[in-house]
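Engineer: Just so you know, the sequences run in chain order H and W.
Each residue of the first sequence is one higher than the last, beginning at 1 in our numbering.
Each residue of the second sequence is one higher than the last, beginning at 1 in our numbering.
For the record, the hints were derived by calculation from the structure and aren't laboratory data.
Check each hint, because a few of them may be wrong.
Taking lysine-lysine and the DSBU-like style, the derived pairs with C-alpha atoms no more than 35 Å apart in a straight line are [claimed, not checked]:
id	chain 1	residue 1	chain 2	residue 2
1	W	K108	H	K69
2	H	K180	W	K160
3	W	K160	H	K107
Just a sample of chain H residues kept apart from chain W, beta carbon distances all over 12 Å, derived [as the list claims (entries may be wrong)]:
id	residue
4	A46
5	K69
6	P72
7	Q118
8	A161
9	A172
10	P175
11	R177
Keep in mind the model is a prediction, meaning the values are calculated, not measured.
Glycine included, each C-beta is placed from N, C-alpha and C at the ideal position.
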Amino acid sequence: MPDLDLPDPDPSGPGLLDAGFLRRWMTAAAASVDREADRLTALDSAIGDADHGSNLRRGFTAVASELEKEPPDTPGAVLALAGRHLISTVGGASGPLYGTLLRRAGKALGDAAAVSRQELADALRAGVDAVRQLGGAAPGDKTMVDALVPAVDALGTSFAAARSAAEEGALATTPLRARKGRASYLGERSVGHQDPGAASSALLVAALAEAAGE
Amino acid sequence: MYGRDGTTQGRDATAGAGGPDGADRTDDRTVGVVLVSHSAAVAASVAELAAGLAAGGGATAPVAPAGGTADGGLGTSSELIAAAAAAVDRGAGVAVLADLGSAVLTVKALLAEGGDLPGDTRLVDAPFVEGAVAAVVTASAGGDLAAVEAAAAQAYTYRKV
Numbered sequence: 001m002p003d004l005d006l007p008d009p010d011p012s013g014p015g016l017l018d019a020g021f022l023r024r025w026m027t028a029a030a031a032s033v034d035r036e037a038d039r040l041t042a043l044d045s046a047i048g049d050a051d052h053g054s055n056l057r058r059g060f061t062a063v064a065s066e067l068e069k070e071p072p073d074t075p076g077a078v079l080a081l082a083g084r085h086l087i088s089t090v091g092g093a094s095g096p097l098y099g100t101l102l103r104r105a106g107k108a109l110g111d112a113a114a115v116s117r118q119e120l121a122d123a124l125r126a127g128v129d130a131v132r133q134l135g136g137a138a139p140g141d142k143t144m145v146d147a148l149v150p151a152v153d154a155l156g157t158s159f160a161a162a163r164s165a166a167e168e169g170a171l172a173t174t175p176l177r178a179r180k181g182r183a184s185y186l187g188e189r190s191v192g193h194q195d196p197g198a199a200s201s202a203l204l205v206a207a208l209a210e211a212a213g214e
Numbered sequence: 001m002y003g004r005d006g007t008t009q010g011r012d013a014t015a016g017a018g019g020p021d022g023a024d025r026t027d028d029r030t031v032g033v034v035l036v037s038h039s040a041a042v043a044a045s046v047a048e049l050a051a052g053l054a055a056g057g058g059a060t061a062p063v064a065p066a067g068g069t070a071d072g073g074l075g076t077s078s079e080l081i082a083a084a085a086a087a088v089d090r091g092a093g094v095a096v097l098a099d100l101g102s103a104v105l106t107v108k109a110l111l112a113e114g115g116d117l118p119g120d121t122r123l124v125d126a127p128f129v130e131g132a133v134a135a136v137v138t139a140s141a142g143g144d145l146a147a148v149e150a151a152a153a154q155a156y157t158y159r160k161v
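So here's chain W without its partners, still in its complex pose (with noise of 0.2 Å):
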């Protein structure tokens, strides 16, 4: 299981003067993101590589991988996703980076039910390795949700060949 432990905590660790009631925090809220995959070895990985591809001197923003199903397997598990946009939900805003199928599909019936992940969860439509990278990199420089978004999903512009 992935929980607060399993998230890189960046900005909010460093927050604590701010008061017991947070009301004076609001220039460290973060967006936070997490990353469901398929597999679990890979949505570490790519927070992993995300995290640290971001740490360029700062404090990064709350990530949290969501991958594999609860009993470890292939697959998509909606508690580790619910756990893991709970763990990084800093007030500003959630974004969820899916790779494939049910990833994406569990992610989108959850946000369409409602009540099972922050009110400002969003599915952002974007690769997965460097849509998670321009995310994070991103939130910890203090973009809003639409900015991770919109940072993500131009990961699709940059041809290769």
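Okay, chain H solo, but in the shape it has when bound (with noise of 0.2 Å):
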């Protein structure tokens, strides 16, 4: 694989990642989704409604499944479009927290042909801003903010590094008590659960590294 994780000088110039990377990234989300779905819903029983897993199959094999259709030739358009069908698709309040994250940041890099690792990572941390306002969630809540923070601020650097982050960020969530969502009404109960919000994050991002070849 070619090594994308080269340092970007300017980061004004010419990027490297173009539609068929951001599109890698989806269809390698979507098959650790399907992959992982038991394991989230697993999660998600102890603390939620026990439909993460199976709520984020549906939405991101119909991801797939649209962009395979008709794919997209901007990167910025291939997370638009991810964004919008998690919103109608998945459900749950995942589909709108993951639809906002990567439709703002679709948004964010405009049509652009292709764009360089630190222009992502600033488009995902616009996006990751935006489901902090949607769901007024911090970090230390116990959601996927959690792992997205420490994500996007790690890319910067490296998408292994942030791949690292994402999971150590989900498995912090561990002995924290969950603020937000449905977790939040099983108060101290909620200690001692790993967040599925924040775990389904992780293999989101573990998929973006996947796609670069990390």
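Put the complex together from the two separate chains, hints included.
Structural biologist: If you want it as structure tokens, here you go:
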């Protein structure tokens, strides 16, 4: 695989990540969510309503099939289309949250034909900010934000660093007490369970690193 | 699916004499109300309750439920929300009330991104049942979108104990 992790001396210069790369990310994410759906649902049955895995499987399957039918030709358009389909097909809170993440990131990328890793990181940071605004969650609330924030911070370094940061962030939700969503009704009983949204976020970031060959 | 047939017609149904282009129907424009719940049954029942309580001898504002997922499960469907909002849109704005979690987040995501809902659509911060009744009563009385929103939000201030 090409080394996509070269430093980006000029962030405004020609990028390396094209629409094909973003489509590979979404395809890898769909495959990963499909493989891990049972684990996500098991995590969600501990502190949620036991539908996270099946909801995301439905959503990302739809995204992968749409991207295959009519492949958009810019990175921004790939993410915008993926986000739109997640909002309309997931059925749970993760639909509007992940949908907003990708739509907003897609909007931030504009109509560039290819983007640098740093530009993708900046766009995803805008997406994560929109997720935080939508759900009102801050780091430490035991949500997807706990995996996504460290991941976009580390994406400036490398795809592999982002994957590690997301995985660590997801694992670190286990001792936390949930302050958002259905799990927050459980209070102290949410402690000791990994947050399913943080776990699926780690899968999505790992799929990004996979698409980059890292 | 809830389409136009699933809404109460009210004022709009009496406005047929206003002319084919609708240009002189301004007085009949009524705020529409959409009720988004995780459950199709809850959304439909609250819509029925609100319309029933609002129908105090006159026509009621259009109200449409958007409950559950498109395949009938518990959850939220952006398609059902968009269809319900289109069905109650009479050009005077649409007030949306939502119950929990993904219902609220889906409406907010649709509003933030634009294009999926009628231009003057607002998520109203209100208790679901009481707010729905207040919204439909106010809209049926001819209140504008701001009045409908205020009435629904005010339902939070009614203490029961």
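Engineer: Each of the hints needs a verdict: does it hold here or not?
Structural biologist: Checked hints:
The hinted pair formed by K108(W) and K69(H) meets the criterion: a straight-line CA distance of about 29 Å does not exceed 35 Å. Restraint check: the Cα-Cα separation between K180(H) and K160(W) comes to about 26 Å, which is no more than 35 Å; the hinted pair holds. Taken as a hint, the K160(W) and K107(H) pair is broken in the structure, with Cα atoms around 46 Å apart against an allowance of 35 Å. Look at A46(H): its CB is around 17 Å from the nearest CB on chain W, clear of 12 Å, so calling it non-interface holds up.
At the 12 Å boundary, the C-beta of K69(H) stays outside the reach of chain W, the nearest C-beta of that chain being 18 Å off. The beta carbon of P72(H) sits about 16 Å from the closest Cβ of chain W, which is more than 12 Å, so the claim that it is off the interface holds. Every beta carbon of chain W lies more than 12 Å from that of Q118(H), the smallest distance being close to 25 Å; the non-interface claim holds. The claim that A161(H) is not at the interface with chain W holds, since no C-beta of that chain comes within 12 Å of its own (minimum 29 Å).
Distance check for A172(H) against chain W: the nearest CB is about 23 Å away, which clears 12 Å, and the non-interface claim stands. With a cut of 12 Å on Cβ distances, P175(H) stays outside the contact zone with chain W, its closest approach being about 23 Å. Separation of R177(H) from chain W is adequate, the least Cβ-Cβ distance of about 18 Å exceeding the 12 Å criterion.
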